[in-house]
Amino acid sequence: MSNMNLLQAINNALDIAMDKDSKVLCFGEDVGHFGGVFRATSHLQEKYGKSRCFNTPLTEQGIIGFANGLASGGHKPIAEIQFADYIFPAFDQIVNEAAKFRYRSGNEFNVGGLTIRSPYGGGIHGGLYHSQSPEAYFTGTPGLKVVIPRNPYQAKGLLLASIRDDNPTIFFEPKRLYRASTGEVPEEDYELPLGKADIMQEGTDITVLGWGAQMEVLEKAVAMAAEDGISCELIDLRTLMPWDVETVSQSVQKTGRLLISHEAPLSGGFAGEIAATIQETCFLYLESPIARVTGLDTPFPLAHDKEYMPDHLKNYEAIKRSVSF
Amino acid sequence: MATSKQSAKQSEAPVVHNPVFIDGSDLTTPTLKILRQDGSIYEGAELPDIDKELALKIYDTFQFIRALDERMIAAQRQGRISFYMTQIGEEAADIGSTAALAHDDMIMAQYREQGALAFRGFPLDQFMHQLFSNEKDLGKGRQMPIHYGSSELNYMTISSPLGTQLPQAVGYAYGYKLEEKDNCVICYFGEGAASEGDFHAAINMAGVFKVPAIFFCRNNGYAISTPSSEQFAGDGIAPRAVAYGLKAIRVDGNDVLAVLKATQEARKLAVEHNQPVLIEAMTYRLGAHSTSDDPSGYRSKKEEEKWREKDPVLRFKHWLIQQGWWSEEQDAEVADAKRKAVMAAMKEAEKVPAPHIDDLITDVYDTPPKHLQDQLDALKAHIRKYPDAYPKTAGRIDHE
Numbered sequence: 000m001s002n003m004n005l006l007q008a009i010n011n012a013l014d015i016a017m018d019k020d021s022k023v024l025c026f027g028e029d030v031g032h033f034g035g036v037f038r039a040t041s042h043l044q045e046k047y048g049k050s051r052c053f054n055t056p057l058t059e060q061g062i063i064g065f066a067n068g069l070a071s072g073g074h075k076p077i078a079e080i081q082f083a084d085y086i087f088p089a090f091d092q093i094v095n096e097a098a099k100f101r102y103r104s105g106n107e108f109n110v111g112g113l114t115i116r117s118p119y120g121g122g123i124h125g126g127l128y129h130s131q132s133p134e135a136y137f138t139g140t141p142g143l144k145v146v147i148p149r150n151p152y153q154a155k156g157l158l159l160a161s162i163r164d165d166n167p168t169i170f171f172e173p174k175r176l177y178r179a180s181t182g183e184v185p186e187e188d189y190e191l192p193l194g195k196a197d198i199m200q201e202g203t204d205i206t207v208l209g210w211g212a213q214m215e216v217l218e219k220a221v222a223m224a225a226e227d228g229i230s231c232e233l234i235d236l237r238t239l240m241p242w243d244v245e246t247v248s249q250s251v252q253k254t255g256r257l258l259i260s261h262e263a264p265l266s267g268g269f270a271g272e273i274a275a276t277i278q279e280t281c282f283l284y285l286e287s288p289i290a291r292v293t294g295l296d297t298p299f300p301l302a303h304d305k306e307y308m309p310d311h312l313k314n315y316e317a318i319k320r321s322v323s324f
Numbered sequence: 000m001a002t003s004k005q006s007a008k009q010s011e012a013p014v015v016h017n018p019v020f021i022d023g024s025d026l027t028t029p030t031l032k033i034l035r036q037d038g039s040i041y042e043g044a045e046l047p048d049i050d051k052e053l054a055l056k057i058y059d060t061f062q063f064i065r066a067l068d069e070r071m072i073a074a075q076r077q078g079r080i081s082f083y084m085t086q087i088g089e090e091a092a093d094i095g096s097t098a099a100l101a102h103d104d105m106i107m108a109q110y111r112e113q114g115a116l117a118f119r120g121f122p123l124d125q126f127m128h129q130l131f132s133n134e135k136d137l138g139k140g141r142q143m144p145i146h147y148g149s150s151e152l153n154y155m156t157i158s159s160p161l162g163t164q165l166p167q168a169v170g171y172a173y174g175y176k177l178e179e180k181d182n183c184v185i186c187y188f189g190e191g192a193a194s195e196g197d198f199h200a201a202i203n204m205a206g207v208f209k210v211p212a213i214f215f216c217r218n219n220g221y222a223i224s225t226p227s228s229e230q231f232a233g234d235g236i237a238p239r240a241v242a243y244g245l246k247a248i249r250v251d252g253n254d255v256l257a258v259l260k261a262t263q264e265a266r267k268l269a270v271e272h273n274q275p276v277l278i279e280a281m282t283y284r285l286g287a288h289s290t291s292d293d294p295s296g297y298r299s300k301k302e303e304e305k306w307r308e309k310d311p312v313l314r315f316k317h318w319l320i321q322q323g324w325w326s327e328e329q330d331a332e333v334a335d336a337k338r339k340a341v342m343a344a345m346k347e348a349e350k351v352p353a354p355h356i357d358d359l360i361t362d363v364y365d366t367p368p369k370h371l372q373d374q375l376d377a378l379k380a381h382i383r384k385y386p387d388a389y390p391k392t393a394g395r396i397d398h399e
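Each protein sequence line maps, in turn, to chains C and R.
Oh and the first sequence: position 74 is 73 in numbering that gives the first Met the number 0, straight run, nothing missing.
Oh and the second sequence: position 347 is 346 in numbering that gives the first Met the number 0, straight run, nothing missing.
Here chain R stands alone, though its shape is the one from the complex (with noise of 0.2 Å):
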């Protein structure tokens, strides 16, 4: 709809005499819901491609980062571990889409989107591995908390910098395009990201290279303590893809049938026409911006049970329920095994060491050049000096 009209814009607009200025009311976004909070669907809605499989495999997701992450801010606290982000409140959005999306679909993230790795197959020990920097994680122990990546699972490990993923998914998707696959890249970004200059560069180049891309903004209302009123002054984020030439919907992101949904027809269109969509999903970031965060200085306790009671994980399970899919009893219980082996799993984890001092100078480049390995050498023989002052390294380090 959105692109008719813009193309109509450019053939047929009128030429006038008198300035006639346009603005934001020129162009309304309508919102997706498809399920109500009881779990009822909304008349006329038209449900997406789901079945019971996915349906559950869907909520066994939701479930098991439930866990997760209830669990290991837990251990941030008991200073198990150094950091963390939760995405509660925010389930349906990214894990609604990425079940939209085929197993080898390149899936670059932000930060908040441990749900998309976990429904690829992510294994609770790796998430662990990740989170206690040891010696089994993929990353080998060099980057903070939550920053996952798996290469097997085509989910670009995180970075810490906001937008740098977007015009990297044009490119990804770009090569895409080249060899022809049906495949198209999913970026995830937030509201705030969207005021980086990396959003607009890429926005812009996937319009204009026509890639097989989905754009998928988390709009949960808040960049750390900033409220989106203060972010940004025009509708959100999904106008500013029909300026840059690319589809734009506005979907409930705690509706995970509205995600689902919006998500399969921006697939099609991406990788059937190489049409690049954006999709803005309006949610609410339930816990703190991190760690690191208490968000009782900059929002109201009243505001959070407002969003609260719109928890997008409670509202699927009202609908599998009606469904005849699940019932309280297996809710509970699953609830309960998924607690239990993130427990054992943060057991295992911490028990592993940390990375071996060698890999301090791997993977800068292909291979290390002769100035690191020299001061890896300098930085060993200085470690068998102090040993006591370096504890995680210096009993494993050899004796050569």
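Isolated chain C (complex conformation) (with noise of 0.2 Å):
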């Protein structure tokens, strides 16, 4: 064990992996001798050379096609996209190409090798454009993983799952967190499994959901609501496609009551995809509506950015009027 932040346990991951795999690649946009912008890659050139990771021409369209290419001809490209927020010029090759490559050519070739791993979401000052929380516009698209942790030990045993699952997979990583989360982390090899909810606290009254940079925030409100005699049943979904429905729903039909928090925007929302699917399965069990608290549907803003966030103290009322109702 060694304690690490969730860049190190990122940059430590990519390094197994590079290690043991020579397949594996690591490039994008600065990614190469400088380490990339938040270091995620540093020393991994020096390490394995140039030709297995190394900067490209600044081009998320091309970074993705190529790694495309990559990986239909059965190599492992771990492509990054310097922020969520830039990954837009890659959606034709992301949702209409990489998804769809296995089942269009009925398995005569697949990008399973692929990874995709870029830094989202708000409160780092980023504003509209290096703040946002994509997930939605990818968990909407067959064919693909979308995978967001939330500490360094989980960064570390997803990302590796991630890379070896032999289909393409998007890892969001939540870069707020990427030096204030700090944790125990083991050094060796170790994968977390995909499609796997992690109940992080075990409760009676109501199942609070969330992912990513989400759970240190609703572990606050939580927490706040213990103190006034609520059990909460806080659980990380950690893969938001394929999602793990049974624990959702056996959570649920325990508690009664559902919260689900994510910094994108209410409408569109993943939420809006789980609360649909819950109500189906646990139709009879509810005893609340099943609360959203989210980013607004605006774009992500700069100065308002306190106010935007479906901080601890939002998460917290909504918990409490769920329990009121």
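What the hints contain is simulated information worked out from the structure, not anything from laboratory work.
Watch out, some of these pointers could steer you wrong.
DEER-style ranges, computed between Cβ atoms [to be verified]:
#1 C:R38 x R:D292: 49 to 57 Å
#2 R:P352 x C:Q252: 36 to 44 Å
#3 C:S21 x R:E45: 39 to 47 Å
#4 R:Q322 x C:F87: 51 to 59 Å
#5 R:D22 x C:T181: 57 to 65 Å
All C-beta atoms in this analysis are idealised placements derived from N, C-alpha and C, irrespective of residue type, glycine included.
Relying on the hints, combine the two individually framed chains into one complex.
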């Protein structure tokens, strides 16, 4: 075990993946010698050479197109998109190409080796274009897996699993926690399962569900609720597609209430999908409407960053409203 | 030539003290022509590496594609298949270039390159299974007609979005370079697709990463109805490649010997020197864009006739006859045999049932996740209830 922040855990996972499998490559804007603008790929070029860890020209559609080609030839590219806000030039290569590669060819070809890493989310005074949480654009695309870790231990295990999973996987990293989140991380190689939610705290009154950086916020809200005598079951979804319907359903059947929280805007956010599924699987168990605590339906603001965010206070209030419905 | 001029410009370009604007006239792109329409060779032209066997294989593919295209466009009009795209008039471009490659060089095509696949040996019945989206289609009946693909023949499955194969070709070629393989990727696209962002991303990355790739532009004059004069203002596609650090060559795309020669030379540059090359083949789409298109709304019969006189298949036939390798009698005989074979294969493929309903959810992921299995189970239960509404699948559904 050693104490690592989230960036170090990711760097460590990439290091292990490259060391164990010569088919693994890391590339993207500033990823090479510089080690990425957040330094997630530090020292990888020195260790594995310029042919396996390198800078690309500044073209997101080119980066993912290139990665698709490499993956279709049996390599395992890990492509970095510097900020999730800049993933959209690559949308076609992700949605129309990576996601459909296996299906459209009848499995003659696939890009299962592809992993896309990208820092997402607010809280770093990034305004409109360094703050977005675009996960729901991708959960609506069959063929992709979408994974978001909450802390260094989770990040390392989930990233190694994503790299080795034989499906194109988008791995969104909560950049607000890159240096803020630290914890004990095993130095050895390990994987955490994809498609499996993690019950962080058991409870009886309400299920509180989130992912990524939102888990830290929810932990605070849940602690506040506990002081009021409300017992919350806290769940980190971890993989958004395919998501663990069973674990969430079982929890809601026990508690009778559900709150889902994410930073992305309310309308079209992934909470809506979860709510629709859970009202089907848990209709007769529900004691209050499923609550969504999310970002507003605005672009991500700069000056009103705090007001926009689904913070612990908004979640605390929503928990109380749900329980006293 | 272009490259040495390019590097000279970088190192020896003069400094000026009053504004000097450069323009397209600073770079002229010649067109390679080897074969005249009457089958004779231009004086001084150097022939490609071609023997009787290769020449006849190319011509056999020409004849096969003509038979397939003519029959399948009729089949679409009869309502037997939903859609079709011919490549009439452009056969020399894709078939001539594929003939210059090693059998295991990856082909990443756009969609109008069935000739390249035929040259690789894709069986007639496989063409038909794809066109009829039946259960023997390698693509499991999932894509519209003409979206062929074969892992065994190194022909990447076609994807409808234009130009997406271009950066993928760079990545695939980078893989060859990493593994130190003596292979290259050929990537086909049209002059219309060269307006897509993916084209510019790809050509730039190919130049930067020095990958063994050949970008083959079929400049056929039209993107559906839009003429190339409304597609770009510069001198075609080839000069763009020079700006991105590639070598470029323009060829008469209806001259199969010129296409073959240019691609053989390009392959050497790509494989031996990791020098990416762009080939611009000047040709003409004699048919409609697809069976959903009618060219009479945007171009004249006169223009079409002018290009029909430059038919690449006839041109090559004249040369073969002059070589003493072919005759009009053989020609008529083989054309007739191909037409009959296509008709027979079509009738067979029509009888093959649609893919099983279970294949609706396979290959979305490596293994179907639970939610997909649940959706399939619900769908099957529904089909069992209303079998008449789903005749393709209801008869074969399991009755567990």
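Right, here's what the structure says about each hint:
no.	hint	in the structure
1	C:R38 x R:D292: 49 to 57 Å	52 Å, holds
2	R:P352 x C:Q252: 36 to 44 Å	43 Å, holds
3	C:S21 x R:E45: 39 to 47 Å	42 Å, holds
4	R:Q322 x C:F87: 51 to 59 Å	55 Å, holds
5	R:D22 x C:T181: 57 to 65 Å	58 Å, holds
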